[in-house]
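Which chain is which? The protein sequence lines are E and A, in order.
When we follow the working numbering, the leftmost residue of the first sequence carries the number 1, and every step to the right adds one.
When we follow the working numbering, the leftmost residue of the second sequence carries the number 1, and every step to the right adds one.
Treat the hints as calculated values from the structure; they're not laboratory data.
Cβ atoms here follow ideal geometry from the backbone N, Cα and C, with glycine treated the same way.
Some clues are possibly wrong.
If we take Cβ atoms under 10 Å as the criterion, some of the chain A residues that face chain E in the derived model are [stated by the list, open to error]:
(1) Asp104
(2) Tyr110
(3) Gly133
(4) Ala212
(5) Asp218
(6) Ala223
(7) Gly227
(8) Leu228
(9) Lys338
(10) Phe339
(11) Pro340
(12) Arg342
PhoX-like mimics (lysine-lysine), calculated; alpha carbons at most 25 Å apart, straight line [as the list claims (entries may be wrong)]:
(13) Lys92(E) with Lys346(A)
(14) Lys16(A) with Lys92(E)
(15) Lys338(A) with Lys14(A)
(16) Lys92(E) with Lys14(A)
(17) Lys14(A) with Lys346(A)
(18) Lys346(A) with Lys329(A)
(19) Lys16(A) with Lys338(A)
(20) Lys163(E) with Lys92(E)
(21) Lys16(A) with Lys346(A)
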Amino acid sequence: MSALLEVNNVSKAFGGVVANQDISLRVNEGEIVGVIGPNGSGKTTLFNSIVGAHPIDGGSIQFRGEELSNLRVPHIARRGLLRTFQQTRIYKQMTCVENMLISVPHQREGLLTMLSAYPQATYDEAYEILEFVGLYAKRNLRAGELSFGQQKLLEFAMALMDKPKMLLLDEPTAGINPTLINGLLDRLQHANRQLGITLLVIEHNMRVMMNLAQRIYCLAHGQLLAEGDPETVRNDHRVVDAYLGGQ
Amino acid sequence: MTDASISTAGGAGKAKIAGGYSTLLVLSIAAPLLFPAYVTQFTFLWILVVIALCWNIMGGEMGYNSFGNIVFFGVGMYTASVVQVGMFADVAQYTAAKGGVSLDLTVTQYLVGMGLGILAGAVLSVIVAGVLGLGMLGLRGHYFAIGTLGLGIAAGELAAGWEYIGAGSGMVPPQFPASLDRGNILYFMSFVLAIATFFALRRLYRGRFGLALNAIRDDEDKAEAMGLHTTLYKTVAWCVSAFFTAMAGAITGYVVGFIDPIYVAFAGITYGVWMVLMTVLGGKGTIWGPVIGAAVFHITQELFWTYLLGWQRVALGLLIVLIVVFFPKGIVGYVRDKFPERFGYKVDAATADAATDPALGQTAGKSGGSQ
């Protein structure tokens with residue numbers, strides 16, 4: 001399998017705090033890869049580095065063979081690498097449908113497309129994906145009125161609308177009730193298998209990770225601690241120590 | 001944005017809306033004929049509607065509070081007159097005479113000159129907006145507001161120091177030929193401009209443009225993370241805003257009959273503040289808000305001026321305070337919060353039963369997005 005995303009020796013420090021040190025990871029096309037690690041271990045910093053939210057201090061990030069570390073956020077997003085946020089971010093005063101419509105791919109944007117109306121096909125597509133995440137009935141509500149869990153689903157639906165090649169999910173199940181988590185898991189797997197979207201997921205919920213990920217990377221104190229299939233990583237004593245604070 | 005969902009309300013709703021528009025149209029055409037004494041006031045009403053609608057593009061739909069729109073108002077006003085004069089005479093000589101030169105233009109010459117002048121003003125303002133946007137639109141929130149406030153003041157000072165356009169003495173637009181009905185011509189020009197602005201914006205808001213502006217308002221970082229060309233959208237938004245504001249400014253120059261650099265053209269403390277006020281009063285981020293806000297503002301202002309002479313500014317100030325405190329979302333915003341269903345913000349009852357918990361009763365095997 002070819003590597004879709006390749007992160008090589010990436011480092012990032014904020015002043016004296018080293019958030020990421022020589023992190024290397026690789027995600028192959030079609031995979032679901034997990035990133036775990038205690039709070040403050042540098043997972044979200046790594047995501048921010050990948051999507052270009054801040055410049056990195058060293059190393060290289062390649063997506064489909066193209067170097068990303070010199071590109072800015074919207075340029076990287078247009079190349080098919082999207083992320084969702086840990087603190088869910090949707091457009092609160094817009095309706096769910098509007099949230100979906102504006103999330104269409106923006107690769108080719110000229111004055112004509114900017115000022116054009118949406119064709120019916122785009123509406124249908126938005127409705128279909130909203131139906132898929134179970135928000136169709138609430139499509140005309142303002143997104144800010146949805147519950148937190150529903151907002152997470154909407155953010156995921158918006159990402160699907162953009163037809164990404166790869167999706168970085170930052171704690172997709174945090175703050176969601178257990179029933180909803182199962183539904184979300186199914187949908188993530190569906191996106192991966194049926195829609196062919198490669199996933200890189202940050203997650204604390206080990207049950208979710210075990211069910212979802214094919215490989216897992218574990219970060220601690222800004223460094224890569226362990227990697228491998230879920231079973232190996234879960235039984236790695238260093239990982240257990242990092243999470244539970246053992247010696 | 002709300003009228004997109006209103007339009008789906010069905011045939012009866014559509015007929016009602018069409019009826020409403022026709023009534024407004026008839027009233028607007030009849031108004032200057034029935035009340036010829038008030039024709040200048042009616043003209044100002046439409047001009048205020050246009051500049052409020054334009055300010056709303058930035059401040060309402062996009063969340064960028066621009067105090068710099070007055071620049072386009074002034075640029076449009078000066079350019080129209082300068083181009084019109086320049087077509088038939090030497091501008092420097094004309095302005096040096098401080099209005100003492102009569103051009104004696106024929107009706108055709110005058111109207112063609114005025115039309116081209118207004119168009120030139122609009123085009124120049126779009127260019128100015130594009131250039132200023134490169135520098136200003138990188139600023140967000142309060143920084144953008146303060147930065148643009150500086151633009152308006154700077155433009156006024158520049159105009160007041162430039163001899164070619166009359167410097168501090170200002171400039172007088174060419175006299176209307178005596179055979180033309182000045183009042184009605186300017187009224188219908190401003191009326192047509194207001195209609196054009198309204199429907200152009202309504203059309204733009206329904207498409208990608210409007211949603212992109214709203215997305216930038218709600219969360220610009222998210223919009224960037226979703227790959228939106230935010231800078232491009234912001235610049236185009238300002239250019240659209242400048243285009244119509246400039247034409248309103250140009251017409252205002254002819255209505256007032258004298259272009260003072262600071263009190264008429266780059267009048268930050270009157271038109272510059274009013275465009276913000278009217279939008280806030282009517283409801284930011286709605287298409288009807290600025291229209292209603294402008295009407296209410298203009299009427300109350302004239303009533304205060306007539307019945308509370310000497311205290312009119314105090315009364316206006318008090319009104320502003322009351323509006324901000326009790327109707328922070330404006331008239332349309334208030335109504336929308338009270339009756340969200342009427343604006344289309346409602347749960348689809350036909351499919352609602354399955355949606356109490358999105359995860360329940362649905363299987364992931366359902367078809368997802370078509371690729």
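Status of the hints after comparison with the structure:
1. Asp104: violated, 43 Å
2. Tyr110: violated, 34 Å
3. Gly133: Gly133(A) check fails; min Cβ-Cβ to chain E is 15 Å, beyond 10 Å.
4. Ala212: Interface hint status for Ala212(A): holds (6 Å vs cutoff 10 Å).
5. Asp218: holds, 4 Å
6. Ala223: Ala223(A) check passes; min Cβ-Cβ to chain E is 8 Å, inside 10 Å.
7. Gly227: This hint holds: Gly227(A) lies near chain E, its Cβ roughly 3 Å from the closest one there, short of 10 Å.
8. Leu228: Constraint on Leu228(A) satisfied, holds at 6 Å.
9. Lys338: violated, 15 Å
10. Phe339: Violated, about 14 Å.
11. Pro340: Holds, about 8 Å.
12. Arg342: Status violated, d = 12 Å.
13. Lys92(E) with Lys346(A): holds, 15 Å
14. Lys16(A) with Lys92(E): Between Lys16(A) and Lys92(E) the Cα gap is close to 30 Å, so the pair fails against 25 Å, i.e. violated.
15. Lys338(A) with Lys14(A): Holds - the C-alpha atoms of Lys14(A) and Lys338(A) are around 22 Å apart, at most 25 Å.
16. Lys92(E) with Lys14(A): Outside the cut-off at roughly 28 Å; violated.
17. Lys14(A) with Lys346(A): With Cα atoms ~19 Å apart, Lys14(A) and Lys346(A) stay inside 25 Å; holds.
18. Lys346(A) with Lys329(A): holds, 20 Å
19. Lys16(A) with Lys338(A): OK: Lys16(A) and Lys338(A) at ~21 Å, within 25 Å.
20. Lys163(E) with Lys92(E): holds, 22 Å
21. Lys16(A) with Lys346(A): holds, 21 Å
Checked against the numbered hints above, the structure violates hints 1, 2, 3, 9, 10, 12, 14, 16; every other hint is satisfied.
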